[in-house]
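*Asks:* Residue numbers (this note's numbering), protein chains in the order written: chain X, 1 to 300; chain B, 1001 to 1438; chain Y, 2001 to 2283.
With a straight-line cut-off of 35 Å between C-alpha atoms, the simulated DSBU-like cross-links for lysine-lysine are:
#1 B:K1109 <-> X:K267
#2 B:K1327 <-> B:K1351
#3 Y:K2148 <-> Y:K2270
#4 B:K1337 <-> B:K1085
#5 B:K1351 <-> X:K267
#6 B:K1184 <-> Y:K2059
#7 Y:K2270 <-> X:K211
#8 X:K81 <-> B:K1260
#9 B:K1163 <-> B:K1183
#10 Y:K2059 <-> X:K113
#11 X:K267 <-> B:K1085
#12 B:K1337 <-> B:K1327
If you are wondering where the hints come from, they were derived from the structure by calculation, not from laboratory data. Just so we're clear, the structure is a prediction, and the values are computed from it rather than from any experiment.
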Amino acid sequence: MTVTRRTKTASNRLQGRDGLHALLFLSPTLVIFTTFVIFPVFFSFYLSFHQWNMFSSQTSFVGLANYSRMLRDPEFWTVVKNTLVYTLGTVPLNMAISLLVAFMLNQKVFGKKFLRTAFFAPVIISPVAAAVIWRWMYDPNFGLVNYMLSFAGIRGPNWLNESHSAMFALILMAVWKTMGTNMVLFSAGLQGIPDTYYEAAEIDGAGAWTKFWRITVPLLSPTTFFIMVMSLISSFQAFDVVYVLTSGGPLGSTKVLVFYLYEHAFKFFEMGYASAIAYFLFITLIILTLLQIKFMKSRV
Amino acid sequence: MKKLVLCALLLGLLLQTSCGKKEEAAGDGRTVVTFWHSFVSSTVPALNELIAKFEKENPAIQIRAQYIPTGDALIQKLITSVQSKTAPDISWVHSDYLQDLVEADAIYKMDDFIAGPDGLSEAEMADIYPALIQYASWRGTLYSMPMEATNLALLYNRDLFRKAGLDPDRPPQDWRELHEYAKKLTVDADGDGIFEQVGFSLPVFPATGPLGGWMVWQWLPFLWQAGGELINEEQTSVLYNSEAGVAALRLWQEIYRDLKLSSYTTDYDVAFASQRQAMALDGPWNLPRYATLLKHFDWGFAPLPQGPAKKATIIGGEYLTIFKQSKHPAEAWKFIKWIIQPENQAFWAIKSSYLPINHSVLQVPEFQSYLAAHPAFKVFVDELEYSLASRPIDFHGLEITRHVAEALEKATVGDQDPAAALNESAQKSNALLQSAAK
Amino acid sequence: MPPMKPTARTILHINKRTLFYLFIYGAALATLAPFIWMVLTSLKDLNEIFVYPPRWLPKTFHFENYARAFQAAPFGRYYLNSLVVAVAVTIGQLITCSMAAFAFARLRFRGRDALFLLFLGTMMIPGQVTMIPTFMVLHWIGWIDSYKALIVPGLASAFGTFLLRQFFMTIPRELEEAAYIDGCSKWRALWHIILPLSRPALATLAIFTFMGVFNDFMWALIVLSSEEMRTVQLGLAIFRDRYLTEWDLMMAGSVTATLPILVVFFFAQKYFIKGITLSGLKE
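Chain X on its own, in the form it takes in the complex (with noise of 0.2 Å):
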């Protein structure tokens, strides 16, 4: 499974018709698109040459400032750098949990779909709701965490207050919310893989861990892959967790990449600075999409 798979069959001649097909299969959604996404997109891209502080009609042509001043500013690379940071601490921490949970729920259990919900509920909750609980669960004095810490004999330290913890406390919060997506998606995913694989590999007397390596892993690529290219991007553009639970700090310590965006369009209204940024992230975006599509490739 590829993004780029061509199979040469029979019906290549059907080329022509193929065609009209697709743009009436498309049209709807090219429609809505090019409204309401395409100019939007290139507008930004416009915006990111130009200097404009949204309540005024007009906007001032600056060259490559924006981009010059980005590549300049030392914050800007802390703020990539959190960004990978938090990345790196996300994904691989979401995808495994994910993938284990889903895999420990394809089977026979009791109360499957009680368990189910409960993996789920983190993402039904509001972030601003979500934010408000947890800002209490890492509350030094009145807390849950340290709280249950205390039982162990450690002293948690005042997770969103040091530099330190706060990263790891935003990722643990993260990893919560966005888990169940991934759960689902996992879950629908193994479903789809037959049992007479699995039955047939008991037979030849394989065991719990070679079925997992030589049937679920392979047979799931497609849903990993998709999980991969969508967990990548969502967590390079990482904002609403980050802004409801540290708000970039303390000391700018979980400043991320569209926070960083954020700060300059909406709070010093530098709309074209803002958009440089967002081009930035999707140059870096496209690259790693395109390589994970070719790894795929090469893999599958």
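Assemble chains B and Y onto chain X, guided by the hints.
*Replies:* Using the frame of chain X, we list chains B and Y on its own:
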């Protein structure tokens, strides 16, 4: 699948019928004035009463109050509404936004109305606390009108004072006492290094967050008490890294360190309510809540302790602007003018616990009897006499506030040298001011 | 299976099973803990919320918190708005995304891969910078402050198209090719072969879309102004400002916004986890 399509069609129909354009007029011939505000749910009933009173006295006008969440949400709403020419008639704004609103030619000068036929006399203008007028202006021109005032005082638990052997009728008078009392009221009974009770807390928040400006706002009184200023009169360089600024920040740093506030909650109000905290900086907006929340112990408010140079507290409040896109600027002005009348200010202050904006409210009999019955509220009203507003910054005010916030965070959370932190920030601010001057 | 004497192997097996249950229920409980706290807090007196050590159960149950939260704003109307918008976007997206995904997964046409990459690319520009231009487009059309402003821009989704395309590609082509030989059109192939087999994927997309729209705050905030158009998430904002959070009311409001969806998920999950799964085909 057919069912799906059918559902979609039905929904489409429903939408067609339910999104009729909203009527400009009230339907009964009254002029509708839209008013954006951000009062939380506990203040909304008071606001509704105020509006009802206005509408009764002005039967030709209907005020349509719309709640917009404050801060970032409000600014996004303002940007998009100005761009799409759907701005409200009146909105409350923070003075930080005035520069951009004025530069986009989005709002009226208040002088346009004050000097007009239905204007305000000089005596009426002089009646408003000058600090509020200063705060509502940008580059010397008044662009907004205060709707109510707020300031800061010291909230303290009288029971805990007694327990610590302190006189509850003699709250801390100066910085030294504040620091001393804070330490005395901090208790570690079992000696495990964790305080069960904390004497005082500071509003330290991430500089980058929505509360960064809020932290600076509460630090400014300390700067003034030490004799400092944020920026010079010519607006060419910042002054917050002066000796006064260093002294004010050093006080914060020492309290933060001594009370181990780095491992303390920022929800001071709930900590205070559960008697784990003895003193806090607080404003009048919490008074209605405290009447029930704190009923199980003896508490009070005191004026902020005096600094090495003088007594000072900060004044703030919400400011009303009239948008140029408004079709009814005269009616909008009528509402604003009505609100700042002393008798209406008295009504609003009593209902909402916000502070009045003019001196002569003190002569209104209902207000006087209310003050007599509410000593905590009276502390704030008395403080109005020496409340200061920060000098509005003409350009890059938002960035400069951010720089101050960064210094505060570095000296407290980061435990860096206050002078070094302030100087580093001041350098950034001054570079911005120089680029703006060009 | 005939009854057996417990052997060492079965005992080990039972222990493994017990461990398995301990682990999975422990993890579920930990995941659910913040949610449980939210429900219990919504029933507490304000004074009880911040105590140490944390106390889970309220001393007395303050059900009036819910009444107070509902009095603070017309939440009934907000609910209706959120529901109408979320349902409309969900249905619309299922239709447009499955059509587009079919084109990308099954049809051959010039520029397909480039177009698909462009689709993916639109997800990589953060919404914070496209929000204002999108708003301007809606303003030019004249849809501000209407359901349309909330619904129509959401009717197409790169995420949904990508998701369904990935699922469609796992369906063996042979099934349709047999149908094409019988003279079946592309439309019928999509409606009668592909979509019925993709129910889990469609249901997955449905719940994600629904959740996304239901929990959206920023977009709803900027396109809506009038009181009667507001959504639940906008309503909840009234319990929090820069000075204070009205904990009890906010929690009560959040529970009412969350619980119904959780219940729906509980009962509807069989559609997307079981459904008619792809497994039947691969044998």
